[in-house]
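Note that the protein sequences, when read in sequence, are chains A and B.
Residue numbers for the first sequence follow the working numbering, so the first one is 3 and each next one is one higher.
Residue numbers for the second sequence follow the working numbering, so the first one is 3 and each next one is one higher.
Please note: incorrect hints may appear among the correct ones.
Identical copies look the same in the list; a pair holds intra-copy or inter-copy alike.
Unchecked claim - Straight-line C-alpha distance at most 30 Å; calculated DSSO-like pairs for lysine-lysine:
no., residue 1, residue 2
1, LYS203, LYS42
2, LYS186, LYS15
3, LYS39, LYS93
4, LYS287, LYS4
5, LYS4, LYS100
6, LYS186, LYS4
7, LYS93, LYS42
8, LYS101, LYS160
9, LYS101, LYS15
10, LYS17, LYS93
11, LYS203, LYS186
Derived by calculation from the structure, the hints in this document are not laboratory data.
There are 2 protein chains.
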Amino acid sequence: MKSFSDRLIGVLKEKGSPAVVGLDPQLDLLPPEIKRKNFKRYGRNFRGAGRAVLEFNHRLLNIISPHIGVVKLQVAFYEALGPHGIEAYQKTVNLARKKGLLVIGDVKRGDVGHTAETYARAHLGEVDIDGTPVSGYGVDAVTLNPYLGGDSIMPFVKTAKAYGRGLFVVVKSTNPSSRDFQNKRCGTEMLCETVARKVDKWGSGVIGESGYSAVGAVVAAGSPALGRRLRRLMPRAFFLVPGYGAQGAKLEDMRLYFNDDGRGAIISASRSIIFAYESPAWKKKYGMRDWERAVEDAVLSMRRNIARMLGNGR
Amino acid sequence: MKSFSDRLIGVLKEKGSPAVVGLDPQLDLLPPEIKRKNFKRYGRNFRGAGRAVLEFNHRLLNIISPHIGVVKLQVAFYEALGPHGIEAYQKTVNLARKKGLLVIGDVKRGDVGHTAETYARAHLGEVDIDGTPVSGYGVDAVTLNPYLGGDSIMPFVKTAKAYGRGLFVVVKSTNPSSRDFQNKRCGTEMLCETVARKVDKWGSGVIGESGYSAVGAVVAAGSPALGRRLRRLMPRAFFLVPGYGAQGAKLEDMRLYFNDDGRGAIISASRSIIFAYESPAWKKKYGMRDWERAVEDAVLSMRRNIARMLGNGR
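Can you build the whole structure from these sequences, using the hints too?
Here it is in structure tokens:
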């Protein structure tokens, strides 16, 4: 069984970029033509909304899959649509994996004991239906919340190891109130640094041939100094870095999340890519009708910007 | 709009007990007769499993609803079954509410910005389908994870206020590794105490006529001293206390979670009630065939034990 980190590095090499696109289909921003068609066919309800989301994702995947190797699905936008939304989530995962993409389920789950095992098997492994193992959501990795401690993470590590999957623990998030607890000084360091130490430990049994672990971290440090400290505390972790294209995030600051080998981080953008047609730059050029060309331009621009930042000119 | 805390107190008064039953339908423990029937009718797959779960819950609700006022659904056991599981979750929520029970969705979500708003509307409020508001999961309250700070909680508080719903923030969990972070000393107190202060603050704008807030806390302190400190830090919060009937949990230690008015806490049991027929005591008396009588005996025994502990003899 090839480890998650080796699979991830393989797909990043193949595509030549650490860019990740977030498929976060916020219903009110979906192209009107897609909503109109699906509401007409399936009803202006959860069913129609689920089908609209699936068509949007399908067309997005056709555009972006030649250019990027990893997609991230924020499950909230699917969960909000009930069973029809979860069906769209499953089908999107399958479509993306058929195109050779790695899929991260941005679920941020965190629970303990048998509940954690149930989540782990459902998202990364197989569910036992009365003795018959049935594939669950089948994503390549999930994001997790660390507040409940090691008991809430280790069932995922165990399942990740068995199925060649991975996980990213939220260490430091982008939002202003991440300071409420993550930046609290606990002894000689911030809480997020204490979490980072644990992430390194939790991942120590699932190191791939590349030297990287199947246990990664969600990191948006906010300051270069903290970013460097987190990188040092988790040398073997892949960082999932959100916030590309979001207000206030500086791409240059993301350089320090990469190790000297140019690996160790993936950079994620959601809204600025999939809803590129609503940004002033692309809106003027393409308008809403040509939303697919705006998406392609945005993803190519993201690739170029990241390559320039990394200094490899690709 | 009646506030969540007043609605909660109303139903606790009506039923005369702060007992909560957790509907956590672990598939391998479901009564064989229910599985057999539903697998035969719908297939030994997610569909059959979802229908088996729904029938089990329906029959559980018929037994327990005369005796208790609140049920808690651990969503992991539904989410694990895909769209069919989520459908069973929705239908169980509806059945329970029709019987006049309050329903807590034990989802432990935690995310920020628009994602948090999407989760909040889906679980506690209404989802906007192209201009039409459609009821979401419709639970009365959810559990939340605080690691991402106020940004991840306030969208729920806002939705809770608008719809008369509530939330319970995980402050201190039961599992051994809750010590990893929750017990970390940050300055003069433990992290969970810092979280407790925030819970009190987040709930300050949603106080009901009873004096209790719509923002509660999940608390399993582990030590009476910490339990008392948490009670003092969150005087207006309802505590959702897990662990009744679980190994090691002492009912007597739960007395201190209640305020002097005998209110302020609800005590939850899952496996020891719904799978009572697998415990030695009830197994011998009833066996698997009479699982419904074992459930009723277990829930009545829980009520009695809690009443004795509270010293009101009810």
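Results for each hint:
Taking the shortest alpha-carbon separations for LYS203 and LYS42, neither the intra-copy value of 52 Å nor the inter-copy value of 46 Å comes in at or below 30 Å. Taking the closest pair of Cα atoms, LYS186 and LYS15 never come within 30 Å of each other, the shortest separation being 38 Å inside a single copy and 40 Å across copies. Both within a single protomer and between protomers do LYS39 and LYS93 lie at most 30 Å apart by alpha-carbon distance, with minima of 19 Å and 29 Å respectively. For the homomeric pair LYS287 and LYS4, neither the shortest alpha-carbon distance inside one copy (44 Å) nor that between copies (51 Å) is at most 30 Å.
Taking the shortest alpha-carbon separations for LYS4 and LYS100, only the intra-copy value of 18 Å comes in at or below 30 Å, while the best inter-copy value is 50 Å. In this homomeric assembly, LYS186 and LYS4 never come within 30 Å of each other (Cα to Cα): the closest approach is 38 Å inside a single copy and 36 Å across copies. For the identical chains of this complex, LYS93 and LYS42 are neighbours both inside a copy (21 Å) and across copies (26 Å), given an alpha-carbon limit of 30 Å. For the identical chains of this complex, LYS101 and LYS160 are intra-copy neighbours only, at 27 Å inside a copy versus 41 Å across copies, given an alpha-carbon limit of 30 Å.
In this assembly of identical chains, LYS101 and LYS15 lie within 30 Å of each other by CA distance solely inside one copy; the values are 16 Å within and 57 Å between copies. In this assembly of identical chains, the alpha carbons of LYS17 and LYS93 lie at most 30 Å apart only when taken from the same copy (23 Å versus 44 Å across copies). Taking the shortest Cα distances, LYS203 and LYS186 sit within 30 Å of each other both inside one copy (21 Å) and across copies (17 Å).
The structure is inconsistent with the numbered hints 1, 2, 4, 6, although it conforms to all the rest.
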